[in-house]
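Once you've looked at the hints, go ahead and assemble the two chains, each given alone in its own frame, into the complex.
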Amino acid sequence: MKNKLLTCFPGTESLKQLWRIMKLTVLVSLLFVMSVAAKPTYSQVTKLSLNLNNKTVKQVFDRVEEQSEFVFLYKTEELDENRIVSVNVDNAPISEIMQEVLHGQKLSYFIIDRQVIIRENTPEELQKTSSVAVTQKGKTITGKVTEANGNPLPGVTIVVKGTANGVITDINGQYTLSGLAASDILAFSFVGMKSQEIMVAQKTRIDIVMQEDAIGLEEVVAIGYGVARKSDLTGSITQVKSEDLAVVSGSNPIQALQGRATGVAVMTSNDPGSSPTLRIRGTGSIDASNDPLYVVDGFPLMDGNLNSVNPADIASIEILKDASSTAIYGSRGANGVILITTKSGKKGKNDLSFSAYFGIQKPARYQDFIQRNDFIDFINEAYTYSGATDVYTSDSPAPSGVDTNWEREIIKSSAPIQDYSISFTGGTEKTSYMLSGGVFIQDGLIESSGFDRYNARVNLNHDFNNWLTVGTHMQASRSERNNRDNATGNISRWGWPTTPVKNSDGSWYYASFDSQVSSYMENVWNPVADGSEKKDETITDRLTGDVYAKISPIKNVTIKTNLGVDISNAKNYQYSTSLSAENYSNGTGSGGQSYFRQTTKLTETILTYSNIWTDIHRLTATGVYSYQDYQYEKLAISGSGFTNDATGANDMSLADTESIEYESDKYSNKLVSFTGRIAYTLKDRYNFTATGRYDGSSRFGDNNKWGFFPSAGFSWSASQENFMHSLKGKVTNLKLRVSYGITGNQEIGNYKSLALMSSSYYIYSDTPILGFSESIGNPDLQWERTAQLDLGVDISLFDRVDVTFDYYKRRTTDLLYDVPIPTTSGYSSMLENIGEVQNHGFELNVHARIIDRKDWKWDITGNLSKNENEISELYGDVTEINIGTSNNGLAKLLKVGDPVTAVYGRESGGIITTEEQLTQARVYNSSANYGEELYINHDDDPTSISSDDFICIGSTVPEFYYGLSTSVEYKNFKLEIYGQGAHHYASMTGMENNNYGDYGIGYSSSTGGLSGFYIFGENQIHDRIYTPTQYAYKRMWREGVNENGSFPRPGARGVYASDRTNGDWNFFILKNIKLSYKFDQSLVKWAKNISVYMNLQNFANSANHRGYNPENGDDSYPWAKTIIWGVNAKF
Amino acid sequence: MKYLKVNLFVACALFLLLTVQCTDLTETPYTDISSSTYYQNEDELEAALTSVYNAYSSAFGGGNYKYNMYLEVVTEFNSPAYAKNNTDKYNAWNDINNATDRTVKCWTKGYAAINRANIILVRGEKVDMDQTLKSQYYAEARFLRALTYFNMVRLYGGLPIPESYTQSLDGLEIPRQTVDATYEYIITDLKWASAHLPLKSDASDVWRATKGAAQAALGEVYLTRASMNDSDEYYKLAKLYCDSVITSGEYSLEPDFKDLWYWWNTSNKNGQESVFELQYGSYSGLKNNLHVMFGLNITEKTLGCYMYRRFGPSIPFYLSYSDNDARKEGSFVTTIYVTNSDGDTTNVLNYNPEELGYYPAASGWKTASPGILKYYDRSPESATLKLPRANIYVIRYAEVLMNYSEAENELNGVTEDALSGINAVRERAGLADLTSSLSQEQLADSIYRERGWEFIGETKLYYDGLRTGKLGDGVKAMFEECKNKGIYMYKGYTLDFVPSKDFLWKIPQYDLDSNPALEQNPDNVSE
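Chains as they are written, first to last, in this note's numbering: chain A, 20 to 1150; chain B, 6 to 532.
Just chain B, same shape as in the assembly (with noise of 0.2 Å):
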């Protein structure tokens, strides 16, 4: 009997004792870092870089497309292509003080960016590296940070600016600067970044920031200043920097338009037109969506992975290409070759302008423009991977040499110096030399209608059509033309809304909720 009570309460004990087993509640992550031991060396360093690029690319490239979609179908020069994503009233301006449905979307990526920018230059003050290199990365990140403040500048007006990366929840309400002070903050970035960026040819990697990509993006930042303001000042400035990306020696034209473009030439990314340019690749995260979203809406092996479509050239526009300019060919696909699972074609469609937009058109022809195939990979990779790879180009170098003629031609008028970037581009494109009996007025016009048929769908137009003041009209001209042809995308459309100099897109209602220090841009009322 005793043994059965020593028993009994041994095994109480053990019970209990059970009881106390863990109380720990740590739990480390298995597939995360934490935050507080990383940044210890140039490579963790230099992977915070990579970080920004991935940022960039996030909010202005691949990874966000309905930042170039909103911003090229507001232009003359496109159209909706279907009635998706509301691109059918975005042509149209309307309404365009919705702070919820209207915005462009980029907000949040681009601070995304420049807090990570911000990571690099004060996380890189305890990493012990080489001063050199640590210098290079912080260019990298300050000339990053610089492209984005100046697109986002362009489109909501000044802007808040934090002034360190984020640790806490504390101070961030951040109030907004003024448009002087943003663009002061912008070209001391790029002019810092410039001073410290190797030039193109001592790049290691040549997808890095280069001190000519810094010094094309101030000859555009200048020029944007000068246009808003009319400013000599500002002009000179502008015809400065693009002259020390000529001067360089480091850019030249593709001789062939064609082979700028991953549809003509898969060998060429990164070649020698381009003075910065966003890279993608077959891997999922890192593929160039926009293939997808501008595409033909169609599934078809010869044009590579799956297609929906979102908009294209307007109709006056894509007829207003000359026959010989070799850009209507290089940029546009008019044609599909539908084959079957043996490869052997079964159908053709041919876009028809005739057709007025209406799709599916009598021809077959499935949407109410031309795709635009700047992004394209039209790879038999692309189409069994479904991870289209084309780069995009934020600056290339026809656009320095435009930049060049349009300031040189405001600063002193149709001087052989004005006419010789707008003609080189010209030349490539196949067009006769622009001559000096044009006016000053005439060639600032032929610059900026040479710019929609060298530029389109690059995310250029719009913000050169808002500065130089020639966006209002245009729209109006093309509705107007459009509502007359009875092209289908204008049936029942009216334009709500023509935008002048001073347009500003509405900052995003949710961005405002969340920060009590931002003011919304005043409402843009029509006239």
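Chain A on its own, in the form it takes in the complex (with noise of 0.2 Å):
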């Protein structure tokens, strides 16, 4: 580039990281015409110091250019670049190295800010244009040259091929080239763009749209405390970016993630407000968490609920996988990490960003329960064959004329959500800023559940002087989520059709109180009611923020201090009224309020040398102290008996005194870390970096406070060696990755390590007496460890076809795990560190751009993530330890050789339908009859299947998860499409989740805790008379009339859960269907862009399963299909 004719290079660090930064559109016309207005110039400020004998002139431009920020224009056909020359200058003024670099010479220079420009014209023939019209021969040629989104493009360079002809694009993207020939070729090039070459022929204007380089050899991407090239990186980061976010509509933006990145599994929940559970490669720990780092432009939370973050804020968030990547991140790395960045203004580029949505939410599911006849029929079977009598008689018909389709009636049939959001952006030549605010309001399927989010963006970067620049990026949120818990889960329980909503005089119906039903109804149910009886709301306030300096000392240096504050304020309500089912009985109201405020508190300070030399040596090397403490509160009070619902529980002190109950809770933990890391390349082509952090977290033991997390990594770009050049043209890329590293997991809790007294009462005459009872700490308590090795290519081919593939091995060890010890010392478990578990996989990425012409393109991208995940150890000769046995039939073991999220059942042998199969049931069971199901025996007592006779029936992660999405695009009209999948997983639903507790145990590496009641309605699991859904009743055996039924009868009795219920489930949604116009800008020129859109969300689904959620069968909440119309805007 350098020996080309114009140089239009940046010639310090800092700037071409801009440049980088910001996929740069406007630096080079800045130089021309802002210049005027800066004073003093920079000409004037810099000083510079050189000592330099018998050097070519281009040699003395070369190390101005290192030391400063000023760039040479001229042509060699006028300025010899070889001519010798010596400049001994010490702190003078550029105009002083010009004098002796042109002695002598006719030629005289012009400095416009940071560029020189040296010519034989006079100064001010020059300063008479802004585009540099170089000669004035033959034809011309006029354009303009605009982005891909029509925004003209300054800066861009133009140089006839072969020749010393040039010129730049002015501001407007307007550029003017004299004394061409038809046969000469123009080469349009610019940063971070792909070169275009057109020949002039016989056309008088050529305009040019620059499209971005999407191989992204020059891409940028957040690395943390810092950023890095792509092509340098050694680990595997993922990247996405906010064209792929913005597909997605919903309140989180992690649920974008879905499908998106590979080796990362997110499963989602439709219920507004909640956050998606992520995990990143296999699940590694057993009791910790296993949720991953969330940082937010740097700042790292202490929760993990992005709920209070704009999706339209976001630039690209990374995920960083591997141990060479995520060691930075040292004791809370294990389990990968989520770097979020918020969008930034760019100078000279002043931006007004509108983008809005409205949809309407669809149920994209009906489970279809049986309805009324066949109910009836149903119910009087499963009564009569299970030993009872006929539930309807003709002495006791089912009430006239009522046939509710409860699933209907609790399921609203839609439901709207819409988000507001609108930025600004821009910036001086000093300050850029980026201003947002948004509102996202999202109404629940549910009557009285919903999710609305407001919130306002600020963020800034001021350059105070040249070696001060400070800044800020702050964010205020508020969110109130209305929250129903498992509306729908019990409709095959207690939702029969025979029972109306309301009673004739319009007061809800509760079947508990109907006498001809109400000894089947345990439980006082009615959800329609709750949907108006019933309030929890939740308001959180956050705020978000960090202000940060950074000052250049010297050269290549920056030292940066950022102060950052986490603040969370939430209020929970409650409300019952006295005719809400859980009151109806006793006529009373029940409510309570609860206060929690999170506090974290961050400083770090960040030092950065970073140099090139010529182009042969790359380095950056990075020192982080950094300083995070977190507190949390919380304040509660609950009662009940208010004998009036118009104050709810608004006046606490219209509670019935003696119900009134309170909880007051606190706690805080620390963390103290020093960071460093060295990323070295060399030649392009090497790529190493090194990565250490010692952490001191203040929840570990005295003898384990401090930890060490190192990694390493190396990557080599063979497509830059000599013996590649060959294949130029079809390997563009080829890159090969390694790394290695050791990164810790320090979610366990607060003060698990000490020993403390817990309160512990006793009462007599209806009076506490406060006691206290101690525990055992283990002061050796430490990190969970997690070594990773990562084996990672990237090719290139043609341009055209990107494949990205990774395998990676985990081992984590010293997990975290409440081992059991004796409990003859009065406790059952000390939480330890012990054992191991391994995950191994591959994550496989192909992009393929199949056609890339000016009107017509077509993308395509797949991904296939497979990830194997073992216990390899637990503890002393431990290989298998029981969790939890529920009654429905699942158990969850820890046992070695099998995956932590393993899931244990019987094993079914069918529907009973030939008397083979009724022999063999008779033997466990005597009273085994057609149509119930049989179980296969495996262990030594043939007489009775019981947990011994259990089988892993899979893991509740998928063997394999993957996501598809193609994009087309036809001039104006743009189609994406997008779906994800996953593929031969165990599911946990029907499985009880109070029965792990009685050993104080509980089980946080699943998606479980699932109630699951369609399951038993459908299966008749343990001796469950539950309405089934239509689907099963067809499939149901019943004698006389389906003797191959492949489900249990009516009223069977000895089904559990099994492999047959709950093993071998499998899903793919089609998440989106985007149908994208964007108008041209020849009609709408008030604009600078614009678009609208229409996305079909969730709008086709396969699950083999009928639960509500086709991703793990959860029946508590409706899942949604989505239509939404969208508008983008930029002006």
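Please note that a few of the clues may not be correct.
For lysine to any residue, the following SDA-like pairs were computed, each having C-alpha atoms within a straight-line distance of at most 20 Å [claimed, not checked]: (1) Lys139(B) <-> Ile788(A); (2) Lys771(A) <-> Lys110(B); (3) Lys702(A) <-> Lys771(A); (4) Lys481(B) <-> Ser945(A); (5) Lys771(A) <-> Thr42(B); (6) Lys873(A) <-> Asn168(A); (7) Lys685(A) <-> Lys488(B).
Keep in mind that the hints were calculated from the coordinates and are not lab data.
Rendered as structure tokens:
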């Protein structure tokens, strides 16, 4: 580039970095246009020292460019670059150097800000036009260069190929170039954009749309405490950009990662305001958290709730997966790190962006339970078979005309979702800003559920002087969540179609007060009533922000310090009226209020040294000190016996005094860290990264407060090697990566290492007596450690196909686990570091630009992830731990050789339809009968089927998960389709989670705790006669009706959740079909660009079960499909 | 220019100084106290003692319904009321050697109580306080420790006995003692306790353990030893300690059986018949959850807090009550008035044993049995607060009388003395006295049956059945009868195992896994 005739290469590192970060558009034009206003000018302020003897002019210029931001522009036919000169100046302005260099030459120079233009012409002539016309003969071409979005692109270099003739576009993207021949070829180039060559031919005007360089060799990614060129990376980092995020409409930005990033499993719930569950490269931990660390603009959040972040504010999300990438976060890196970078302003480019969408959510899946007539047949048959009598007889018929579809009564047929975001971005030479505001309103498909968010953001960056930059990221948000727990989960249990929603007098109907059916209904239930009689609202105000100052004391060194806080104040309000199901029997209301405050304080100092030596060496060294503390406080009060619903729980003094309960809590923790990283690139092809973090956490035992987490990575850009030149144009990128490192997990809760006294009450005469009992501490408690090896390859072929493949192996040791200790000690377990879990798998991402023409583009992306998880060691000689066996037939075991997330249950031998099966079943169950289920015996005792006969029916984490997306662009239309699925996993649905508590062992590594009553209903599990789905009812074994049935007969006994009901699940969801149209700028002159779109979200799904959530079978909240209309505009 | 540089380097220095801010990682909990600074005075030792009562209640009272449920439902006196928590299988003594699913769930909680008692006895040594009061605290701790071991030795056999409280993970792998050694330990504790505990009338707080409670417990311990070993020596000691309680004059039977129960009389907790009683109140964590778990499977405000169903009297046993036995009405709920929000009765449900336990029954009854009301709190507060607060008798005077009768009968046959205890209990129930025309064996059987009618639901009958060896025959006979009558809960089941005197539960596998020194009980093998 520098040997080219017109040099327009930024001179200093910081400038280069800025260009890369911002995908620059404007810089060069700024140099021309804005310098007039900037005083005192750069050339006056900047002082240089040179001590060069007998160097070429070019060498002198190179040195000046290295030391300063000056750029030299000249024609080689006018200036002899190789002329030998000597320059010796000390702390002198540029003018002094120019005098030395040009001494005795018939040349003059002219400085516009940082540009030094050397010409034969006089400076006055030069200043006449901002478009520097170089020669004046032959044909003249004019034109305009724009970005893909239609914005003019200043500063584009246009060179007549093979000649010295060239020009730069002005602020409006316009250029004029004269003295051309028809055979000349114009080459358009701009940093970060693909170069284009056009033959002049007979044209007089050539307009060019520059495309971003999609190969992205110069793309920049966030890496934690800094950024790096994508080409220099040694680790495995997936970047998801705002364009891809925008395809999904929802409250939480993490939802958009589903199916987009390899190695990342996202489980979503449709409940408005709930956070998705995210697992990066499998489940490493048993008892501690498996959630990744979330970092927003460098601020590591203490909780993973990103509901307060407006997805429209996000510029990119980087997912750090391997140890080389995550070790920078040390003791918090083991589960992966999600870096979120919000948008920032660009100098000289003032934009007002507006986006809005409105959508309608509709239920995507109904379970479709049987209705009145089928139900009466079913329930009579079921109860008769189980030994009781008909429920409905001619003497006691079902109430006439009642055929309630509870599912459709509870689930609304539609609910709106809407989002409005507005942002101002821009900047002057010294200051850039981004201001945004957003409103998101989502109603739930269940009455009185929903989520609203209001937020505002300010990102500012200001060059205070030439060595100090200050700035801030500040976000304020309010979110309001209305919650309805499990509104739909009990439909199959109590939602009889023969019972109405309301009594004839208009009051709510409760079956348990209806003598005809009350004996079948244990609980008072009516979710339709609760929709208006119950409120559970949480309002959260959150302020997250930092202020930073960055100084450059000497060249190539910056020191940045930031101070940040993250404050979240939440209030929960709950009230159930006297007419609600839970209070109907005693006729008074109940409710309460809770306040929560979470505060995180952060301070970090980051020292960066970055330098480039003659394009051969590139080095960035980073040192970080950080201190972060966290505090949690809670105060809650609740009561019952409110005689007047009008004031609700707002006036707690109206509650029955005896019923008042209160609770308070407070805890805190802190983390102190010293981090270092060195990234070195040799000849653009050998990249090395070494990282080390020394972390101290207050959570750990006195003997193990500090830990060290090192990692190293190496990558080789083979495509840069000479021997690959023969493949140039074919293999455009080939990079091999290897990394290894150790990271930690500190998410174990607070004070777990300490021996403490806890209150332990007794009571006499209704007066509590305070007592205290003690616990034992573990001073040796420390981090979980994950050692991870990553082997990766990035390949690009013909500039059209990009393939990324990674193989990884994660070995997690020192697992935090409540290890059973001899219970004769008085304690059942102690949190210790034990055992080992391994995850290994691969990730494949293929992206192809099948068609890439001006009007007609077609992209396809596919990704596939596979993870295998295995417990390789527990503790001592123990190879199996039973965490809990549910009465419904599922068990959670930790078993060496099996996944942490394995589910165990009976192996089904099918529904008993043959005499042979019946004989087999009667060995262990003398009363077995046709239409019930046969189970396979696995232990020595054939006379009973118990937990000893359980097999592993699979893991709750899918064997494979995959995403497919394609986008087609034709002229102004763009169609994006994207789907996501998972294959082969076991479900926990139907596993009652209350059985885990006997020994105080929680279970954190699954998406468990699902009620799944539909599974009971369909399968008559554990002798429960619940309403089945139509699907199941048609398939039920019924004597004389359907003797080949694949579901147990109505009222079947001895049926359990098994591999038949809960094993081998899979799903596929067509997440989005988005069609957008961009208006021609010629039509809409008042906007920079404007586009409208329609998006069909979740419109097609398939799953081999009938739970609402196709992913995990959750039946507690309906799943929505959404049609969305939206507009994006930029002014 | 010089100023600029100065500013710059001052700024740099400041930035780097910020870095040397804080590396202190000490955190002091806000809501907990460190155990190393606790136990300073009498109040703090008393608070630690309070936690032993809490632990005992958690292990064997309202905090662990499974202990009560599993031991009641395996007797001939009870049946499952609903197929939940595998109570149906327990009924049939099914899969009884399974150490994972089929345990009584009190081992861990029992040892928590023992450790807390040990804390008092060791930590108390350094507490500067009145010696008499300290002895009383020690005696209470040893009484509760003995009761805990006594429950557990009867369930599991010989037990590991830690010498002190747990301070670290060292030395926790304690092997089991013999049954005899375990009983020796229990007896030593109880004797020491009875020597240092105040009489009931002296006790400042009636909820505390008393001398009478320790003596009554000794009576029961010796009776158990006696019937297990058929030893006159032990019967004599059993009689002696029961006699001490009787002659102390501190206790007497409630004239009206109903007054024992919160259902009937809410102002008679810790009454004249109470020897040792677990206390509950309307606070979460201090409520009596047995109300919920042994309930009638209904949410109805006239029954108090919501209810689930677990077990109730077996139909043959329920029918065995004499119609004029005050305890039939006094112990069971057989009628439910369903009310609407205005309090008007909209429906009346009546239990009818002729429906053979089918539920929901044609009559509308929701479970396979009547409800045992001994732990029910039907007060309006119970309905609104959902915190039932009936107390639980650990030892009541009626049992001391029955124990006295049994010991005397075993020693000397059907004497006036032997009849005195059981007849006092029968009289109160409105039944005629037994006479000396009975044989010794007939009286023993009568005492066993009488215990059933008197103590149903109180976690007594399993122990009595086992030590007397009457449980196996009783269970077998009841199972046959139920099968023959076609009673619902017995449909499809066969009695898998018949317990004999030496029956022991499996120690939970979890506990075996954590302590390699622990030996599992041998499998119980059906004949």
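Here is how each hint holds up against the structure:
For the proposed pair lysine 139(B) and isoleucine 788(A), the alpha carbon gap of about 18 Å is at most 20 Å, so the pair holds. Taking the CA atoms of lysine 771(A) and lysine 110(B), the gap is about 26 Å. The hint is violated against a cut of 20 Å. Between lysine 702(A) and lysine 771(A) the CA atoms are separated by roughly 50 Å; this puts the pair beyond 20 Å, and the hint is violated. A threshold of 20 Å between alpha carbons decides the hint, and for lysine 481(B) with serine 945(A) the separation of about 18 Å falls inside it, so the pair holds.
A C-alpha spacing of about 18 Å is found between lysine 771(A) and threonine 42(B), which places the hinted pair at or below 20 Å, so the restraint holds. Distance restraint check for lysine 873(A) and asparagine 168(A): the Cα-Cα separation of roughly 13 Å lies within the 20 Å cut-off, and the hinted pair is therefore satisfied. This hinted pair does not check out: lysine 685(A) and lysine 488(B) have alpha carbons roughly 58 Å apart, beyond 20 Å.
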